[in-house]
Amino acid sequence: MRHIISILLENEPGALSRVVGLFSQRNYNIESLTVAPTEDHTLSRLTITTVGDDRKIEQITKHLNKLVDVVKLVDLTEGAHIERELMLIKVKATGAQRDEVNRTADIFRAQIVDVTSTIYSIQVVGTSAKLDAFLAAINGITILEVARTGVSGVSRGEKVLSV
Amino acid sequence: MLIRALHDEGVELIYGYPGGAVLHIYDAIFNQDKVEHILVRHEQAATHAADGYARATGRPGVVLVTSGPGATNAVTGIATAFMDSIPMIVISGQVDSSLIGSDGFQETDMVGISRPIVKHSFMVQNPADIPNIVKKAFYIATTGRPGPVVIDIPKDVTDPSKKFKYSYPESVKLRSYSVPAKGHTGQIKKAVEILLAAKRPILYTGGGVIQGEGSALLTELTQKLGYPITNTLMGLGAYPATDKQFLGMLGMHGTYEANMAMHFSDVVLGIGVRFDDRVTNTISKFCPGAKILHVDIDPASISKTVAADVPIVGSVTSVIEDMLELIKSSDTKIDRKALDLWWKQIDGWREKDSLKVVPAENDVIKPQQVIQCLYEITNGDAYVSSDVGQHQMFAAQYYKFDKPRRWINSGGLGTMGFGFPAAMGVQLAFPDAVSVCVTGEGSFQMNLQELATCLQYNLPVKIVCLNNQALGMVKQWQDMQYGGRYSHSTYAESLPDFIKLAEAYGHVGMRIEKLSELKQKMTEAFALKDRLVFIDVMVDPMEHVYPMAIKGGSMKDMILSKTERT
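Residue numbers (the numbering used here), protein chains in the order written: chain A, 1 to 163; chain B, 1001 to 1566.
Among the hints, a few may not be true.
[Unchecked claim] If you want a taste of the chain A side facing chain B, the calculated C-beta under 10 Å gives, among others:
#1 L8
#2 L9
#3 N27
#4 K66
#5 D75
#6 Q97
#7 K159
#8 L161
#9 V163
[What the hints assert, rightly or not] Label-pair distances were calculated between CB atoms; the ranges are:
#10 B:A1307 x A:R84: 52 to 60 Å
#11 B:A1181 x A:S155: 49 to 57 Å
#12 A:G79 x B:T1282: 48 to 56 Å
#13 A:N139 x B:A1181: 51 to 59 Å
#14 B:L1099 x A:S17: 38 to 46 Å
#15 B:E1351 x A:G79: 21 to 29 Å
#16 A:S17 x B:D1381: 41 to 49 Å
#17 B:S1329 x A:R84: 34 to 42 Å
#18 B:F1164 x A:R2: 21 to 29 Å
#19 B:E1213 x A:V125: 51 to 59 Å
Keep in mind that the hints were calculated from the coordinates and are not lab data.
For each residue, glycine too, the CB sits at the ideal point set by N, CA and C.
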């Protein structure tokens, strides 16, 4: 099963490599990873999506917790949560395709953020599944480039991940 | 400032080797007499010596190496300490901050290279950070599940012309690092109830008990319960081996009775163990009828390979103390009748005498007899450091350790070349004790350069070499699984004359070839109290280590001799 693990990490040199290294060292899989400083500049927030059964995820979270740089972590998928990913996609859009891409973008509440006479650059925000669905929907259109940020997320309601 | 910080931390001894990037530090060592530095002959040996020191004393071992090759040579020793959870501080020099990343002379990314084999690491960026980082490093290395910590210091950071106001912190607090203290009371209660109601219980304890200084409490608990106990390779000495409740070591080369009792038990209390593959054999067939109670200070060790029915995270001492308290107040009484039956069954297994030594003919020495002899002449009271291979298993099986911290071996990583420098570290920690290195002619040649160190510091280590003229354990596997094809495991014709070698380094060498002279010559060697003696014992080259677990089987599946299996 897919899990989203959100981590508060000391914003120090080498900290990220310890987290990433742990995954390769123990043969765990990283599907996506995002990292950026939080409002407190001594802390980074890192979100990893990974796949595994409960036992594997338990080991992953235990080993992550053992890292001295990891201050706190939460498996967001254990409860109700909000997840978002941003995708920038550059497609060839000429003739009738321009309308079609435009319509599909509207349906997905995506935005066309750059235009040339032959190209649309589109920004789509949502769950990873929604982004996948958008890619499926424009099947038939020539995709030139896809850049996805990876998943970021927070728990729903009053539950917070903070120091 | 670094040396002053080490002194303030209580460090008396460091093991190291100088080089360009650490010259400022070495100059500081020269100008003081509080911290003693031991000059080894290879950085790997520095780490193993510090490791041996740490295992024997319980205090962290400290290593100082230069950048580049100095640091990479230390890597094997750091990995060895990491696998066995040994507290160690490795200070590695680094090129000037301004040169980092430029592939400068003797530059290597030590923090990166050591990342998977350290508990934590630091790169010092400011001289003023040194005291705080040293304090943090020792705190992390010695608390919780101990382990090695690397401090990488660029040369300019140790420049004595950079002055700062020094003050050593009394304590340190890390928001992201906490040490589990007491175990969960509810869990402990649950475990105690299961333990008391058991019909066929067994205690399975490991290196965590020794690291956590829990041996005395473990002994109290075991004797109070009257249950059988087995120790892992790393846990030998945590419970007195000569006591009747002790079943011997378990696992791949464990005793018949220990492995059988594990397999047929209904409750296993694992303390400070990690259910290693060398213990469990095939996980899916492990202890099929047993409830697993697992105590460990590291939550990640629990349910890593074998799922625990009752996990308890906490320090060994606090959990055992709580258990003893709860046993006293519990209404559940031990079923003595069932326990008697269980002991009867175990005694039946014991009758098999799986460590029986069949003497060879023609006065040939069996390796097991050497360990038995060593045990006898040292009154079972020596510090025994071991290398890796058949001799290691023989030492573990036949030297009965009654005290913790006497058996010093590389269990997790299985590092050949560990034993001799470790014995050196032990001797430095306890100058008056008998420090023995049990080795083989293969392992010994991996760090023999330390004979020079032993001469320089007058370390009377006794080296007992079980010389079978081959990489015995490799050869044993080749005998058993590869049709006796000895691919690169023999080298009899090119072995050095170890007697001359020892003499060349200024020590005493002695060869023993006949069983009839074994005891007398060993006694002579150990009588030379202030000399290092290399005792080259020629042993039966065809001997195998038994019992041996059958791959793919459960713990009850063992090969007992060349002709017998369970």
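Hints, verified against the model:
Interface restraint check for L8 (chain A): the shortest CB-CB distance to chain B comes to about 8 Å, inside 10 Å, so the restraint holds. The interface hint given for L9 (chain A) holds, since its Cβ lies 8 Å from the closest Cβ of chain B, which is under the 10 Å cut-off. A least Cβ separation of about 12 Å between N27 (chain A) and chain B goes past the 10 Å threshold, and the interface hint is therefore violated. About 6 Å separates the beta-carbon of K66 (chain A) from the nearest beta-carbon of chain B, less than 10 Å, and the hint is met.
Evaluation of the D75 (chain A) hint against chain B yields a violated restraint, the C-beta minimum of about 15 Å exceeding 10 Å. A least Cβ separation of about 47 Å between Q97 (chain A) and chain B goes past the 10 Å threshold, and the interface hint is therefore violated. Taken as an interface hint, K159 (chain A) does not check out: its beta carbon lies about 20 Å from the nearest beta carbon of chain B, beyond 10 Å. At about 14 Å, the closest approach between the beta carbon of L161 (chain A) and any beta carbon in chain B exceeds 10 Å, and the interface hint on this residue is violated.
With 10 Å as the threshold, the beta carbon of V163 (chain A) comes within range of chain B, its nearest partner Cβ sitting at about 7 Å, so the hint holds. One distance hint, 52 to 60 Å for the beta-carbon pair A1307 (chain B) and R84 (chain A), is violated here, with the actual separation near 35 Å. Here the CB-CB span from A1181 (chain B) to S155 (chain A) is close to 29 Å, at odds with the stated 49 to 57 Å. For the pair G79 (chain A) and T1282 (chain B), the supplied restraint of 48 to 56 Å is violated, since their beta-carbon distance comes to about 37 Å.
Separated by about 58 Å at the C-beta atoms, N139 (chain A) and A1181 (chain B) satisfy the suggested range of 51 to 59 Å. At roughly 20 Å, the beta-carbon separation of L1099 (chain B) and S17 (chain A) lies outside the given 38 to 46 Å, and the hint is violated. In this structure the hint that E1351 (chain B) and G79 (chain A) lie 21 to 29 Å apart at CB is violated, the actual value being about 57 Å. Checked against the hint of 41 to 49 Å, the pair S17 (chain A) and D1381 (chain B) passes, with Cβ atoms roughly 47 Å apart.
Between S1329 (chain B) and R84 (chain A), the C-beta spacing of about 54 Å breaks the proposed range 34 to 42 Å. A hinted range of 21 to 29 Å is violated for the C-beta pair F1164 (chain B) and R2 (chain A), which are about 50 Å apart. A hinted range of 51 to 59 Å holds for the C-beta pair E1213 (chain B) and V125 (chain A), which are about 55 Å apart.
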